[in-house]
Amino acid sequence: MDVGLLPEFASRFPHEFSGGQRQRIGIARALIMQPEFIIADEPISALDVSIRAQVLNLLAELQQKRGLTYLFISHDLSVMRFICDRIAVIHKGQLMELADTETLFRHPLHAYTKALLSAVPIPSPDLKQEEPPIVYDESIHDYSSDFPLWCEIEPNHFVWGNQKELKEFRKAL
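In my numbering, the protein residues as written are 1 to 173.
Worth double-checking, as some hints may not be accurate.
[What the hints assert, rightly or not] Restricting the straight-line Cα-Cα distance to at most 25 angstroms, the calculated cross-link-like pairs of lysine-lysine (BS3-like) are:
id	residue 1	residue 2
1	Lys114	Lys92
2	Lys167	Lys114
3	Lys164	Lys92
4	Lys114	Lys171
5	Lys114	Lys164
6	Lys167	Lys92
Treat the hints as calculated values from the structure; they're not laboratory data. Since we're looking at a predicted model, the values are computed, not measured.
With the sequences and hints as input, model every part of the structure.
Here's what the structure looks like:
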């Protein structure tokens, strides 16, 4: 009942559930063990917009009610902006940047983060994208002698880069 499914749904076959109902079943299965931490890998990617909102609202409600912590794995930064406190950007398994959500959106530092954020569509038909999306080119990094490291560039804002890049990041702030 916590996930919004009626008891009579228990007699249904799996193919008789909608995508949103299946997602709610997955959430219920995760909750049965009374976790404090849930990893949600693309929890809304296959759902239509209205069902996405319902599932996100349900997750937020459950978070408040049960004191849950979520780790969302998603390619959809526009949605993650509105449901996450912090965002980590990963490229090929390597953390590139980690910051509070609004800090990351206002001041992305790593070139890969900038490229990702430049591709997020503006959700208003009245506004146009100012510039074309940035294409990330890994060849801009020279790690042959100046090796990259994970560094806290400002409080709660971490970035992956070599000494030359870190100096540029500090200057940009």
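To see whether the hints hold, each was checked on the structure:
1. Lys114 <-> Lys92: Given that 25 angstroms is the threshold and the Cα spacing comes to 16 angstroms, the pair holds.
2. Lys167 <-> Lys114: Between Lys167 and Lys114 the Cα gap is close to 17 angstroms, so the pair holds against 25 angstroms.
3. Lys164 <-> Lys92: Judged against 25 angstroms, a Cα distance of about 22 angstroms means the pair holds.
4. Lys114 <-> Lys171: Holds, because 16 angstroms separates the two Cα atoms, which is no more than 25 angstroms.
5. Lys114 <-> Lys164: Answer holds: Lys114 to Lys164 is near 18 angstroms, not above 25 angstroms.
6. Lys167 <-> Lys92: holds, 24 angstroms
In this structure, none of the earlier numbered hints is contradicted; all agree with it.
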